[in-house]
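Colleague: Take 17 as the starting number for the sequence shown in the numbering used here and just add one per residue.
No lab work stands behind these hints: they were computed from the structure.
Where hints are given, some of them may not hold.
With a straight-line Cα cutoff of 16 Å, these simulated EDC-like cross-link-like pairs (lysine to aspartate or glutamate) come out [what the hints assert, rightly or not]:
#1 K79 to E143
#2 K153 to D106
#3 K145 to E119
#4 K139 to E107
#5 K145 to E118
#6 K145 to E114
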Amino acid sequence: MRDAPSRCVSGPSRRGITLLEVMAAVTILAVAVMVLLSQFSESLDLSVNTRHLRQAQVYAAQKMEEVVQAWLLGDKAPGEGADETSGAFDENGEYTWELLGEEINLTTEEEQQDGEEDYIVQKVILEVKYPLLSGGKGVLRLGFIRYGEEEEDSQ
17 MRDAPSRCVS GPSRRGITLL EVMAAVTILA VAVMVLLSQF SESLDLSVNT RHLRQAQVYA
77 AQKMEEVVQA WLLGDKAPGE GADETSGAFD ENGEYTWELL GEEINLTTEE EQQDGEEDYI
137 VQKVILEVKY PLLSGGKGVL RLGFIRYGEE EEDSQ
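With the hints as constraints, model all of the structure from the sequences given.
Modeller: As structure tokens, this is what we get:
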């Protein structure tokens, strides 16, 4: 009797994936998820800081409008005889402001030697400090310069 023909198999059959392949795939997936989560976290931090900056901009614009109106109507120079030069916008003091004023003489030495009057301008800086997620404070500065007095027409 003849023997049945034998089938030649050149190695083990591959019907599934090995444990090593599963572990490699899980590792790659874990690294990708960690990168995405860190990007999301940084994006969230940036979003919170931007929200605080926008609130500081709103507060600064409102306070600067008050300062300019008080100065124009009452002729009180900020930082020089003005009622308030610093304060807080909110109850817990997260958003604070401070007015800094400085007179600047724009008259040149040559003009002073010629006996011309000094040309003085008032520089006003409004500093608004706002909270950062890192625990520190951000600083927003707005400024303006007031030039010499307007002369009235005498007719």
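Colleague: Each hint needs a verdict: does it hold in this structure or not?
Modeller: Right, here's what the structure says about each hint:
no.	hint	in the structure
1	K79 to E143	holds, 10 Å
2	K153 to D106	holds, 15 Å
3	K145 to E119	violated, 24 Å
4	K139 to E107	violated, 29 Å
5	K145 to E118	violated, 20 Å
6	K145 to E114	holds, 9 Å
Hints 3, 4 and 5, counting from the list given before, are not met by this structure.
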